[in-house]
Amino acid sequence: MIITVLEKATGQIHYSIPEEMQKESVVGNIAKDLGLDIKGTTDSKIHVGCGGRVQYFAWNYGSGHLYTTGRIDREEICGRLERCLLNCDIIVENKMKLYAVEVEIEDINDNAPRFASRDQRLKISETATPGSKFPLPEARDPDLSTNSVQSYQLTGSNHFSLDVQMGENGARHAELVLEKSLDREEQSVYDLILTATDGGDPARSGTVQLQVIVLDANDNAPVFSQRVYEVNVREDISKGTTVCIVRATDLDEGINGEINYSFKKMGETVSQTFLLDSATGEITLARNLDYEESPFYEFEVQAEDGGGLSDRSKVLIKVADVNDNAPQVEIISYINSIPEDALPGTVTAILNIQDQDSGNNGKVFCSIDANLPFQLKKSYNNYYNFITERVLDREQVASYNITITVTDHGMPPLSTTQIFMLRILDTNDNYPIFSESTYISYLMENNPRGASIFSLNANDPDWEENARISYSIIESQMTDSPVSSYLSINSESGVVYALHSFDYEEIREIRFQVKAQDGGSPPLSSNISVTLFILDQNDNAPEILYPSPPTDGSTGVELAPRSSEPGYLVTKVVAVDADSGQNGWLSYQLLKATEPGLFTLGLHTGEIRTTRFFLEKDSLKQSLVVLVKDNGQPSLSTSVTVTVVLADSIPEILSDLSSVSTPVDPQSDLTFYLVVAVAFVSCLFFIFLFALLVLKLRSWRNSQMFDSGSVNFSGVPVSQYVGIDGVRAFLQSYCHEVYLTADSRKSKFNLSKADSSSVLTNQQTRDPIPIDESIGDGSQTFNQVTWHSLLFCCVNVKVLTLKWNAASQPIVT
991 MIITVLEKAT GQIHYSIPEE MQKESVVGNI AKDLGLDIKG TTDSKIHVGC
1041 GGRVQYFAWN YGSGHLYTTG RIDREEICGR LERCLLNCDI IVENKMKLYA
1091 VEVEIEDIND NAPRFASRDQ RLKISETATP GSKFPLPEAR DPDLSTNSVQ
1141 SYQLTGSNHF SLDVQMGENG ARHAELVLEK SLDREEQSVY DLILTATDGG
1191 DPARSGTVQL QVIVLDANDN APVFSQRVYE VNVREDISKG TTVCIVRATD
1241 LDEGINGEIN YSFKKMGETV SQTFLLDSAT GEITLARNLD YEESPFYEFE
1291 VQAEDGGGLS DRSKVLIKVA DVNDNAPQVE IISYINSIPE DALPGTVTAI
1341 LNIQDQDSGN NGKVFCSIDA NLPFQLKKSY NNYYNFITER VLDREQVASY
1391 NITITVTDHG MPPLSTTQIF MLRILDTNDN YPIFSESTYI SYLMENNPRG
1441 ASIFSLNAND PDWEENARIS YSIIESQMTD SPVSSYLSIN SESGVVYALH
1491 SFDYEEIREI RFQVKAQDGG SPPLSSNISV TLFILDQNDN APEILYPSPP
1541 TDGSTGVELA PRSSEPGYLV TKVVAVDADS GQNGWLSYQL LKATEPGLFT
1591 LGLHTGEIRT TRFFLEKDSL KQSLVVLVKD NGQPSLSTSV TVTVVLADSI
1641 PEILSDLSSV STPVDPQSDL TFYLVVAVAF VSCLFFIFLF ALLVLKLRSW
1691 RNSQMFDSGS VNFSGVPVSQ YVGIDGVRAF LQSYCHEVYL TADSRKSKFN
1741 LSKADSSSVL TNQQTRDPIP IDESIGDGSQ TFNQVTWHSL LFCCVNVKVL
1791 TLKWNAASQP IVT
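Counting the sequence shown from 1 gives a position; my numbering is that position plus 990.
Take these hints with a grain of salt, some might be off.
To be verified - Dumping the calculated DSS-like pairs for lysine-lysine here, alpha-carbon to alpha-carbon at most 27 Å:
1. 1254 x 1229
2. 1304 x 1254
3. 1562 x 1582
4. 1308 x 1353
5. 1607 x 1582
6. 1353 x 1367
7. 1582 x 1611
8. 1304 x 1229
9. 1113 x 1304
10. 1619 x 1582
11. 1611 x 1562
12. 1607 x 1562
13. 1085 x 1022
14. 1304 x 1255
15. 1113 x 1170
16. 1367 x 1085
17. 1113 x 1255
18. 1113 x 1254
19. 1254 x 1123
20. 1255 x 1229
What the hints assert, rightly or not - Distance windows between CB atoms, simulated:
21. 1624 x 1388: 55 to 65 Å
22. 1280 x 1250: 26 to 36 Å
23. 1559 x 1533: 15 to 25 Å
24. 1521 x 1668: 54 to 64 Å
If you're looking for bench data, these hints aren't it; they were derived computationally from the structure.
For clarity, every value in this text was computed on a predicted model and none was experimentally measured.
In this text, a Cβ means the ideal position worked out from N, Cα and C, and glycines have one as well.
Build the full structure now, drawing on both the sequences and the hints.
In structure tokens:
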């Protein structure tokens, strides 16, 4: 590959490259040759245009090289033109400069000679004299100079030879020369091979098979009336119009005088454009003409009689241009806004204005709206600069809608308009303005991290950078952490994001300020207050406060006397929910019970009450499973097991208590101390009963007044729940009065229930017992024993108050 660079005196750069180069082949270092500084230059600031619909070259913005964008075929672009030139324009938009580059495509031998058809028939009369010449088909080679057809060669018979001549345009034409007389009766057909060879390296060739048919004697050959037919037509004539009529005469009669017309030495374009009537010689237009596509057509017409003799004539059709193309305006580079302090002569746009017509039809003049501070100035070839003519003032006109009108000189004239807008930039003199005075937003708790909460929007009447707003959160302290640790904001869109998953129980609202700042110099800003409310979500299950769930898997115990009436309050399940609103509304449900129908549970109070009298068959130990659920969607729930022991007397109660497993906390000694205390009190109680029994037996033996005694426990005190807000007090008191009387040798031992609403103290009060004794001979009797009042405490259980400390551990006082 050979590439030459030549800098013309005009400053234009000239490159020469061979055709058929590979895609992305380097044409030249255009940046170096033009002295361009490409540092910091982006692709949006350099424009390469080579005219036409296909762009054959592109710019490498990293290296500054001009390279091919695809395979280049010189014959396709320039046809038979000797010099194939592509004019490209390099436009540097940020500097508003224009450079011209000329790329010449050099021909290579990439095409072989080719005949119009593979087979040709030639009719020659047997009366033809030696030395007669007959035209042969011409081989076409799109290549130029030595790469085109340089020689012809004929093989197949020594009766014929070739005569090769060079035409005016350098093309070689071959004619068949008869070397020996023909005798149809001896040989009627000759098969010959004509080979055309070009002068390339390596050489390429093409062949055609010639069949020479020997005819009987035909004395006269057809003769055209003109050797050359020249016709001038307008390019706007309609399809089907007769362009030319060729005429040939033959003096023979009969079949030897019948003439047939046909095209010879014509290209593919001619065959698509014109039609030839083989009988009349009338040439008509097969499709519309276009002067810009081809200004002339040249081809040959052959007239052949029935005897095989023929004559040829050249037809030259010249196409006259008409004004059928309007001027074309292309904006090569365009700045849609300039500052109001721009100096006169500032280039705001580069335009390319062309008209495909020729002569006056292709000449144009340009105009713009009157009274505008702009003008069009021609810079190079068909390029124009759109520049400012005087100082601009944005306070008078903020923008211009500019109409450029381009009109040619044709008859009638055709015109084209191009409209574009030019804005005048202002200084930064406006503050950003939020669309609302304050912002209030809501966010459901347990949001995912990075979730979008809401967006803010501020507008700035300024332009470009002066109106480009960036958002930021003004740093402020929130509890122990800054607001920026909870929230972030997209500086461009104003969308606020959550950096954490918020918990309504910890944070219920966040107040902060957002600053909107424009990109002017100096920048201007404004602030706005934002309030973010955290909404509650049902994310907390109910928590059972009483009975408190033990740690060893055992259940709490509640006592209920067997003599309880329906509606008796056994205990109350107390639960709380950390959620608020309907998420914190609790309802209670009895899921499971040892004796279904024996107890009822308050839907909203959690109170466990009896529904009927206890029966002997009822189990001593009743296990109740209580479900506590909230009103959230979906609802959350917690269950607790409550054990109720049925007993009518203190011994039964104690025995029942001893049969019920007591929660043991291996982590604490409190349970151990409680067990020891209960055991100690129980021992004291049995010792007291034993002493009372001994005293009773002694009295019986001495007085023989009492023959029986009974103890009746009239009732068992209830358990009551006392206190709120984390303080639970459970009061169990068993305090009874014992009355012992003597009446008709009958003693009565009465244990009455004390007032359950009184708070017991550690004092035990006993009334004095007066006793009268009379001792007879050999016996002792009680004349009258009256115990007015015997008050004792069978069991005095201290008040247990459970308080929940910060570690959620019970403290017994």
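Each hint, compared with the structure:
1. 1254 x 1229: Judged against 27 Å, a Cα distance of about 22 Å means the pair holds.
2. 1304 x 1254: Given pair residue 1304, residue 1254 holds - Cα atoms ~9 Å apart, limit 27 Å.
3. 1562 x 1582: holds (16 Å)
4. 1308 x 1353: holds (22 Å)
5. 1607 x 1582: Judged against 27 Å, a Cα distance of about 19 Å means the pair holds.
6. 1353 x 1367: holds (16 Å)
7. 1582 x 1611: holds (14 Å)
8. 1304 x 1229: Holds - the C-alpha atoms of residue 1229 and residue 1304 are around 23 Å apart, at most 27 Å.
9. 1113 x 1304: The given pair, whose Cα atoms are some 21 Å apart, holds under the 27 Å limit.
10. 1619 x 1582: Distance of about 15 Å is within 27 Å: holds.
11. 1611 x 1562: holds (18 Å)
12. 1607 x 1562: Answer holds: residue 1607 to residue 1562 is near 25 Å, not above 27 Å.
13. 1085 x 1022: Satisfied, since the Cα-Cα distance of roughly 17 Å is no more than 27 Å.
14. 1304 x 1255: holds (9 Å)
15. 1113 x 1170: Between residue 1113 and residue 1170 the Cα gap is close to 16 Å, so the pair holds against 27 Å.
16. 1367 x 1085: This hinted pair holds, its Cα atoms lying about 17 Å apart.
17. 1113 x 1255: Holds. Residue 1113 to residue 1255 sits at ~18 Å (cutoff 27 Å).
18. 1113 x 1254: Satisfied, since the Cα-Cα distance of roughly 16 Å is no more than 27 Å.
19. 1254 x 1123: Holds - the C-alpha atoms of residue 1123 and residue 1254 are around 17 Å apart, at most 27 Å.
20. 1255 x 1229: Holds, at roughly 23 Å.
21. 1624 x 1388: 55 to 65 Å: Holds, at about 59 Å.
22. 1280 x 1250: 26 to 36 Å: holds (31 Å)
23. 1559 x 1533: 15 to 25 Å: Since residue 1559 and residue 1533 have Cβ atoms about 23 Å apart, the given range 15 to 25 Å holds.
24. 1521 x 1668: 54 to 64 Å: For residue 1668 against residue 1521, whose Cβ atoms are near 58 Å apart, the range 54 to 64 Å holds.
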